[in-house]
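Just need the whole structure built from these sequences, with the hints factored in.
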Amino acid sequence: MTTLIINDKEYHLPLQGHETLLEVLRDQLGLTGTKTACQDAECGSCTVLINKKAVLSCLTLACAVAGEEITTIEGLAQGDQLHPLQQAFLDHGAVQCGFCTPGMILAAKALLDKNPKPTEEEIRQALDGNLCRCGGYLKIFDAVKQAGENLAKTKG
Amino acid sequence: MAMPNAHYQEFTQPVGKSVPRIDGRGLVTGQTKYTFDLAFPNMLVGKMLRSPHPHARILSIDTSKAEKLPGVKAIITAQDTHQIRFGSNEYFFPHTSDQMALELDKVRYVGDEIGAVAAVDEQTAEMALKLIDVKYEILPAVFDVLEAIKPGAPQIHENIRNNIALILPVNFGNVEKALKESDYVHEDQFFTHSAAHCCLEPHVCIGQWEDCSDKITLWVSTQAPFKIREALAKCLKKELNAVRVIKLPTGGGFGGKLEMLPMDFAACLLSKKAGGLPVKICYSREEEFSFSRRKHAMHYKLKSGVKKDGTLMAISGEIFADGGAYCSYGPTVLAAAMMRIFMVYKIQHFRITGYRVYTNTPISGAIRGFGGVQSGFSIESHMDLLARGIGMDPVEFRLKNITTANMVTTNKMILSTNGLRECIEKATQESNWKGKWSKQKHLSRGIGIGIAADVMGSKMYKAHESAGSIIKIEDDGSVYLFTGAADTGQGSNTVLSQIAAQELGVSYNRIRCTSADTEITPFDTGSFASRVTFISGNATLLAARDAKNQILNIVAEEYKMDPENLSLEAEKVINKKDNSVIITFDKALQLCYSFKYGRQIIGRGSYNPKTTPVDFRTGEGNVSGSYGFEAQIAEVEVNKETGEVKLLKIWDAHDIGKAINPQSVKGQIEGSITMGIGFTFTEDLKLKDGRVVNPNFANYRIPRSVEIPPIESILIETNDPQGPFGAKGMGEAALLPTSAAIANAIDDAIGVRIKDLPITPEKILRALREKEKTEIKDKKEREL
Amino acid sequence: MLLNPFKFHSPQKLEEAVSLYNSLPGVRILAGGTFLINNLKLLKKKGLKTPENIISLRRIDELKGISCHKKELSIKALTSVSELYSSLSLLEYSQIFKAVSRNLATTPIRNMATIGGNLMCRYCWTEFPALLIALKANLHFIATDLKEEAVPVEEFFKNSAKSEKILTRVTLTLDPQNCICYQSVRKSSSVDIPLLAVCIKTKFSKKRFSETIVAVNNGTSFARRDSVLENFLNQSECSIKTADESSQHLDTSLYDASRDDYKEHMFRVTIKNTLRELMTGRHP
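Residue numbers (my numbering), protein chains in the order written: chain H, 22 to 177; chain L, 9 to 792; chain U, 4 to 287.
Because the hints were derived from the structure by calculation, they are not lab data.
Yeah, the Cβ is synthetic: ideal placement off N, Cα and C, and Gly gets one too.
Mixed in with the good hints there might be a few duds.
[Unchecked claim] A few chain L residues facing chain H, derived, Cβ under 10 Å: (1) T40; (2) A47; (3) A706.
[What the hints assert, rightly or not] FRET-style restraints, in silico, Cβ to Cβ: (4) K67/U x K138/H: 28 to 34 Å; (5) D152/L x K30/H: 54 to 60 Å; (6) F603/L x D29/H: 48 to 54 Å; (7) K138/H x N234/U: 45 to 51 Å; (8) E280/U x K788/L: 34 to 40 Å; (9) A153/U x P60/L: 48 to 54 Å; (10) E152/U x D29/H: 41 to 47 Å; (11) E152/U x T650/L: 51 to 57 Å; (12) E134/L x K30/H: 45 to 51 Å; (13) S256/U x K449/L: 36 to 42 Å; (14) N583/L x K174/H: 43 to 49 Å.
Here is the structure:
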């Protein structure tokens, strides 16, 4: 039995060893918020946080990260209350088709958790692994900047 | 009373406000299920059987070994079908119904579908494909457009001579005379390449053909569910009402999901053969790049003339479009490529002949811009060169020749509101054109302009292209909007909800929108040609008005007033005469549903723009109810040593009539420009021997966050009299002039002209070397 | 499933990893996964043989961390590229590691990829070999008898970057006089593979180059030193003229232009620009 800790919840799964974290999330646990658009480590839609760092779940073996802190998009909102990033994405028109959005938000969260006042350059770099075909990058940068400011306010 | 979108602030009068997406919460929390995410109990996995050859006759297909594989539930080939041909432009061009869902006799490109398998899992389905024994007689293939039209070239479709699917000759005035009268005549050739849509959600569908009821349901990621229904019914030989197509939240379309693909057909038929079990077919990214749709590569030959004072006298030439193996939306793409020129330039003498040519390559179809991108690059680069030829500022040249408001173009398009002049003036003002053009060569910097026009739909599918909306308001005050319009991420559900709320005079957060289900929602041709805000928006406005009138009639009856004197504003029924409040919206609804009246409020709206389809023999036709316009300016800096082009900034001034949701509009503009930047520099769908050789994001690069320059979008509101609240459409136009604006800016910066896309450092360096050689040669000649 | 089945092992001690590695059949090492997992997907797609056993090094603390002892910097094999990008523990080499790491793929990949994987994956166009050759690094491997074996990095890449042992760490000698510069250029705007990566290390002595190492990676073979350019530079002074003339003193066997004008031009320009950058004061 492998224990995965996802969004502060423990899942005990009979894994064989060769399952990627992406497949376990989507196919076994029904957490379809994490997407995949390429399976080639290029699109970033499969981004999750492991120990607060943005990583690609399509390149991660589920067994390799047993017991580590895994965060998916489903873990951000607290019941009815959206995470400031989620709210900022809505407020700034940073969501179009939404397929890249979960990965994008998590990559942004990894940045803001370390650095709540990033420059635009730092935001661009943190999101360089997440493709958005609808082309919403500029609004996404605005949303991340705003979310950072809101997070700093609630903390400080 | 629970409000559907209680989390949003109260938004009354939401038109013109950047309200959050109505479906946004599900998207940011990852809870929204796309077709990609859905799994039904006992669902089977389907895979397509494809030709490995670009051109071959099918001699035999033996499925016996595959059928014996445990876990395989159904296999189909053309023998299981009615062998009916379909196409996407068949209304105007019946002969373009050239494709079978599963080919019977011949395959015409690498990837052409000839069968399909449904099995318990992906591995079994893939193994089954390998066990199907297909015998082909390989035929000579042709991959190049000019080779394909030569006599003696391999014939791809029967009865189509020289592989020319379509010739569109557009001829107005007297081009020869006009060229003779010109002071400067210029000839050019431009080449645009093929590109891919790269929607993040791939093509995916789930088909179910229920045994008991003989009902077919297709859940699908699409822009045009009604179009798919029509094609499915035709090919499966069923009545339209036996087929239900449900469009689920969709991860991008961009023109690639505008029609039925063989996979949609196969999912349904496999389901029938498997006893009614649902079958899901999902493309891998490699299949997306290789076997869905691609952009027509085009070759423009142009010869135009101008007078010394800048008057554009004549445009002439030929366009060769590489259509791939089947027609898809090719004819409309070619037509649109040509028609757009008339929207922006006053031109009397015009002769361009367009050829859409078959080649044994993956199918070229509709992709954002519909031929307008290829046209935008070629024509706007050409115009720039004409201006330079007479020593005129390209902006002045445009201003001299552009169309105006309230005019009819040479090809009978009726332009009512036209903000093109204002767009050009605003863009040049914001970018400081006068201070920069031709003045920054010492810094290897340059600035360039491109202009374009947007349509709001075009009749290319049926005799009508109307949209319909239904609004029902229940006694708790919830407003349900049913629209056939397909939201693929551009935000149509949101915009239509805003229009409904505005017209009804209620808060935006009362609206609950259901869209694009052929069983539940009214007909809508689909999300293409930037038509949704204008056409579906008008239908929604009319439905809202109808519902409002029903409510006001009841209130009028109750309070013994003339309904003409009542209005609904800010959730209150108002007496227009003295602005007094009669009752609240909620109380009005309760009145409607009371014992006394018991009246359900159901509003209906249907809108068909007053347009004419393009007469493809002459090129005439008022294709759109209204036209949008834009001017785009790009500023670049070129590294002459490495050939790298740095995009400094892009300004886009856009006549959008009225921005229903300004943030959404700007999002569309920025998104389109981003796609335009990709097309200009890094996106290049490469084919070798008919096969896509870079079917992945590593080797086909779409723009990333680090590559986008600052983009300033300027919205010009001309308040179109026909659009809902004055709105025109928005979706495509912003990428039409991008490549040309950049190429023009590079010419300004370093004096070289790139005429074939994509623009690479290699091409820039080669052009610089050629320029140097020419300058040395000229210098020597002068010295002699 | 994306991958063919295999047995997964996650030892917590290096000793255990070595023992498993030497005893299991069809075994591959998993570090960050950015190379291996994609490789396994590709092998499956092509119907080729895939490993029966995978050993993940992730839990082994002995393979993590950066330390310094008596001017010797020790970078453990599982150090991620992100850590190399931002770590100040790399002391005077922090800037150059940042320069090399910056262009490596994308943020999530940098978070996952390790220096060990970058060196051992046997893709010839990876980023760190050129840098480590220029810095005369040593690679340390652990043998069955658990003894550490040091191999100069240049030698390792001359022998096709192969080893039967597990890489544990990379060591570098700190030297405040070292001036290093790194530049890389992409093959084309539509692909993410480098055309050329150059790392040049030198010491400026009386405005002249000395003890110069030029490590070159042309994307088609493992990183190597350009001794022709090194010799030229060691006899030259620190000037723009030297940079401009550098392209005439190259070991042409390392720069396969294949009669491609653009490639040839970019090779020359990249070398020249690297030298210019070096000379305008990019010191550690």
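Range agreement (Cβ of D29/H with Cβ of E152/U, hint 41 to 47 Å): holds, 44 Å
Chain H contact restraint for A706/L - C-beta distance below 10 Å: holds, 5 Å
Satisfaction of the hinted span 48 to 54 Å by the C-beta atoms belonging to F603/L and D29/H: holds, 53 Å
Beta-carbon spacing of S256/U to K449/L - inside the hinted bounds 36 to 42 Å or not: holds, 40 Å
Interface hint status, T40/L versus chain H (Cβ within 10 Å): Since chain H brings a Cβ to about 6 Å from T40/L, closer than 10 Å, the hint holds.
Pairwise beta carbon distance, K67/U to K138/H, judged against the given window 28 to 34 Å: At roughly 29 Å between Cβ atoms, K138/H and K67/U fall inside 28 to 34 Å, so the hint holds.
Cβ distance range 54 to 60 Å for D152/L and K30/H, holds or violated: holds, 58 Å
Cβ separation of A153/U and P60/L, checked against the hinted range 48 to 54 Å: holds, 51 Å
CB-CB spacing for K30/H and E134/L relative to the 45 to 51 Å hint: violated, 34 Å
Verdict for N583/L, K174/H (Cβ pair) under range 43 to 49 Å: holds, 45 Å
Cut-off 10 Å, beta-carbon criterion: hint that A47/L touches chain H: Where the cut-off is 10 Å and the nearest Cβ of chain H is about 8 Å from A47/L, the hint holds.
C-beta pair K138/H, N234/U: status relative to the range 45 to 51 Å that was hinted: Cβ of K138/H to Cβ of N234/U: about 50 Å, so the range 45 to 51 Å holds.
Hints 11 and 12, counting from the list given before, are not met by this structure.
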